[in-house]
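S.K.: From first to last, the protein sequence lines are chains A and B.
Quick note: the first sequence, position 145, residue 145 per UniProt numbering, numbers continuous.
Quick note: the second sequence, position 209, residue 209 per UniProt numbering, numbers continuous.
Please keep in mind that the hints were generated in silico from the structure rather than gathered at the bench.
Hints may be right or wrong, so weigh each one.
As the list claims (entries may be wrong) - The calculated EDC-like cross-link candidates involving lysine to aspartate or glutamate, where the alpha carbons are at most 20 Å apart (straight line), are:
id: 1; chain 1: B; residue 1: K175; chain 2: A; residue 2: D98
id: 2; chain 1: B; residue 1: K21; chain 2: B; residue 2: D121
id: 3; chain 1: A; residue 1: K88; chain 2: B; residue 2: D121
id: 4; chain 1: B; residue 1: K97; chain 2: B; residue 2: D31
id: 5; chain 1: B; residue 1: K116; chain 2: B; residue 2: D26
id: 6; chain 1: A; residue 1: K88; chain 2: B; residue 2: D31
What the hints assert, rightly or not - Here are some chain B residues pointing at chain A (derived, C-beta under 7 Å):
id: 7; residue: T222
id: 8; residue: A224
id: 9; residue: A227
id: 10; residue: K231
id: 11; residue: E236
Claimed, not checked - Ranges between beta-carbon positions, derived for each pair:
id: 12; chain 1: B; residue 1: L85; chain 2: A; residue 2: W105; range: 21 to 27 Å
id: 13; chain 1: A; residue 1: Q87; chain 2: B; residue 2: S123; range: 19 to 25 Å
id: 14; chain 1: A; residue 1: A74; chain 2: B; residue 2: I129; range: 32 to 38 Å
id: 15; chain 1: B; residue 1: L85; chain 2: A; residue 2: G196; range: 21 to 27 Å
id: 16; chain 1: B; residue 1: N18; chain 2: A; residue 2: L84; range: 22 to 28 Å
id: 17; chain 1: B; residue 1: I251; chain 2: A; residue 2: K126; range: 51 to 57 Å
id: 18; chain 1: B; residue 1: A110; chain 2: A; residue 2: G34; range: 44 to 50 Å
Predicted, not measured: the structure shown is a model, and the values here were computed from it.
Idealized CB from N, CA, C, for every residue including glycine.
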Amino acid sequence: MSGFGNAFSSSIGKKFIMGITGLFLILFLIVHCGINALIFISDGGLTFNVGAHFMATNWIIRAGEIVLFIGLLAHIFQALRLTLQNQKARPVKYAVNDGKANSKWYSRSMGLLGTLLLIFLVVHLKDFWVVSRFTGIPTVDANGHEDLYAVMKEKFQDPVRVVVYVLAMFSLCYHLLHGFASAFQTLGWNHSKYNGIIKGAGVWYSVIISILFAAMPIAVYFGLIQ
Amino acid sequence: MSTGNMNLTLKVWRQKNNNAKGALVDYKLADISPDMSFLEMFDVLNEQLINKGDEPVVFDHDCREGICGMCSMFINGRPHGPKDLVTTCQLHMRSFKDGDTIVVEPWRAAAFPVVKDLTVDRSAFDRVIAAGGFISVNTGNAQDANNLPIPKMQADAAFEAAACIGCGACVATCKNASAMLFVSAKISQLALLPQGQPERYRRVQSMVAQMDAEGFGNCTNTGACEAECPKGISLENIARMNRDFASAKFISEETV
Ligand code: HEM
Ligand code: SF4
Ligand code: FES
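Okay, chain B solo, but in the shape it has when bound (with noise of 0.2 Å):
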């Protein structure tokens, strides 16, 4: 790793685990190159902190390429940091100057309890998903594509809420720590496409109450989450989940 000119102070956030008091913790770091990202930065704090004989700070990452969705840190104020449609393995130092303090804390909501440092379990989000994001299917041979004819405009809709990487942001933010960004995406991927039908309707309900089995918070549509999600997930899906919802509940026979 090229050495750079960056000298940098930061508050961590340490935790040694769920039951443990964290607080946060001053490091001080010299010769940060500005083309490093946020991540790698870190490694270069592990690795003074091991050298000393000091616990590394856990983090969570696993792509560093924006798709896996792990990298999950509040960076200043904001879940990864301060540029738009990024996430914290695709933010460069550049984003910061030389001399500046920034606070770096794991995700906060009763859903998501720290497992230890920056590290939060996110496994609330897969069994939402498990609850009814999916569709049931026999397998067999693939069919032609073209056999279920989708508008473009309906199958864009789809693959934009299908980019969801369930990364946690949009909980992070919320002053509510509500997850309806990310239930509404991976409703939405499902409802807008024929092969979502014949489920749409069970599906919203199981998993919007899975959602609330989990002590995620109400959304009072602040608007948030869609700021600062890394792929820019609408708020339409939201509206759209709350439609199936209101259809599920009020007009389709099937109670789930």
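One chain only, chain A, in its complex shape (with noise of 0.2 Å):
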């Protein structure tokens, strides 16, 4: 018999699947946003394209972007899958069924948040990374680099492609108000020393990922950075 039996097939096993990919996306948002935010320096976009620049090169870069499609595609194919199961599960629904007094809305609709999130990749992907890698960066900025910037400040005076990338970032928001303390549940981190700090940690996160992600398209919209 295998050693490891059917450890990733049963219910808990493919919670760990969600959870080990959940917080590899959390920590790849980390880096995204990182290099995004150098926009922010209002430098014409010359500093965040030798950051754009690095990521396109860097052979472990390029080596951790395979990782992360796969890790993304086990996240929304496990998703989808203990989506289906669960409601396999209640066959019969409740005529009445008061969520609100026991749980939190954005924990009972991740399924809904995630897919929201995934719609939006589709989007994203398309905007800006076929775009890099495959069709080409048009221009070049002044130290000779494929000027992406140029790309996202073209990109986001559509005012629809803004509506909808702050919109995702709600999705985004509340997906990890539930998604990042309950990876560590998942994951059989629940300790009364660190319980306030996942919590916090996770409060903090969320927030302050999404208002960033949600800040770039409106600044470059309302030209507030240069």
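Join the two chains into one complex using the hints; note that each chain is given alone, in its own frame.
M.R.: Quick look at the structure:
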């Protein structure tokens, strides 16, 4: 018998995959948000383009990108599987179910929030990732780097796109308000000495990351940064 | 039974058997005493139904003192009704107002099929226990109580986990109909004590496998179970079960 038995096919094993990939995505977002925040230096995107150039050329980052995609796909695949199985576990619904009496709405809506994120991710990857990796960035900046900042400025002239991005960050915020602490609980890290720290860090992380990301299209659209 | 002054409208789930289609049926009740328990109010309803020649509402109950876990009723969208830390039998009509409409449904979960009306079959829980919720010891003289020193905090945590009465409110309220709180309590009460150690990692694997086989959903940590549990069983038990499960699958040699 294989040493790991049915470790990952059991309900708890599936949750381990959710938790580990979720925490991995949380770490990724710190890097992603940190580099993007370089646009707030307001130097015509020169520093930001240096960061983007590094991300596009460094082989460790490129290898990490593959891991990221595998992690993201695993997270999405498990999420859909879990959500469908969970619906089957209650075939007949209650006529009256007072969910708000015992839990937060966003903790009960992780599948919905995640699906909104998935739709956003498709739009977002098409907007930037496909351009930088495949169709090519049309111009270069004063340092001779591909001018990803110019692409960003052009994309965020479209108010519809700005609204979509900002709304998606609400989904992200609520997904993480539950997901951050939930991942620790899933992985067994529930301890009176750490619970306060985990909960607090989760709220700070979710709010700061979402506000920073949402501020980017807003700032570009209103010309608050140059 | 003393009569009181409460007039109520009940909407009760009636279903002949597991295959029949059920529906909510309206009943008017008059002169209900606020001092009655919720089950006594149902006794009054059933007496009236019997006197009229109708079928009484079938519901589970046994101890009527909050310790057996039988009295499964989903009342106005919450298991065991609006009060925290009580079972339906310990809920009193003073928790409601005169003129209220009260909706009463059975536990809803694929793993808890409806037997009749408000009664569901919870033997899935028994099969989870049978899969490993015990310790194997030879009988003989009882040991001296202090032979196995157990730190007070450890003993308290085990005792709190052991308070689970197997009522199934956690499953009933969970949006995923997950049984993680129940199973983790039954695992923790043994995993925390020396007597539970020899079978600790075998137990967690067998009981989780049985839980999955019964068709309960997957936990998403909403915390609804902990909030609705009449015995205040803590989510810490779920984290402990997950840790033990990881140890069993990734470190221990014993596969089940
Ligand atoms: C792309 C589409 C996504 C979908 C469909 C999705 C869906 C889900 C679902 C259904 C859950 C399970 C609910 C739960 O266990 O509480 C979940 C948990 C989680 N998600 Fe996502 N998610 C997506 C993207 C993301 C992203 C981008 C992040 C991070 C930045 C993330 C982080 C998390 C975390 C931390 C958890 C908690 C894991 C746990 O409870 O063990 N998710 N996600
Ligand atoms: S954990 Fe609480 S709600 Fe669940 S079966 Fe035990 S006593 Fe009932
Ligand atoms: S009838 Fe025993 S707990 Fe309610």
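S.K.: If a hint holds in the structure, say so; if it doesn't, say that too.
M.R.: Going down the list of hints, with the structure as the test:
For the hint linking K175/B to D98/A, the alpha-carbon distance of about 11 Å falls within 20 Å, and the restraint holds. At roughly 17 Å between alpha-carbon atoms, K21/B and D121/B fall within 20 Å of each other, so this suggested pair holds. With a CA separation close to 18 Å, the supplied pair K88/A and D121/B stays within the 20 Å bound. For the suggested pair K97/B and D31/B, the alpha carbons sit about 12 Å apart, so the restraint of at most 20 Å is met.
For the hint pairing K116/B with D26/B, the CA-to-CA distance comes to about 17 Å; that is within 20 Å, so the pair holds. For the hint pairing K88/A with D31/B, the CA-to-CA distance comes to about 42 Å; that exceeds 20 Å, so the pair is violated. Interface hint status for T222/B: upheld, as the beta-carbon distance to the closest one in chain A is roughly 4 Å, under 7 Å. Because the closest C-beta pair between A224/B and chain A is about 4 Å apart, less than 7 Å, the hint holds.
Hint status for A227/B relative to chain A: holds, with the closest Cβ pair at about 4 Å, below 7 Å. A distance limit of 7 Å between C-beta atoms decides the matter here; for K231/B the minimum to chain A is near 15 Å, and the interface restraint is violated. Nearest Cβ of chain A to the Cβ of E236/B: about 5 Å, under the 7 Å cut. The hint holds. Remark: the range hint 21 to 27 Å for L85/B to W105/A is upheld by a beta-carbon distance near 23 Å.
In this structure, Q87/A and S123/B meet the distance hint of 19 to 25 Å, their C-beta atoms being roughly 23 Å apart. Taking 32 to 38 Å as the suggested C-beta distance range, the pair A74/A and I129/B conforms, at roughly 33 Å. At roughly 24 Å, the beta-carbon separation of L85/B and G196/A lies within the given 21 to 27 Å, and the hint holds. For N18/B and L84/A, the hinted distance range of 22 to 28 Å is satisfied, since their beta carbons lie about 24 Å from each other.
Taking the beta carbon of each, I251/B and K126/A are about 44 Å apart, not inside 51 to 57 Å as hinted. Taking the beta carbon of each, A110/B and G34/A are about 45 Å apart, inside 44 to 50 Å as hinted.
Consistency with the previously given hints fails for numbers 6, 10, 17, ordered from lowest to highest.
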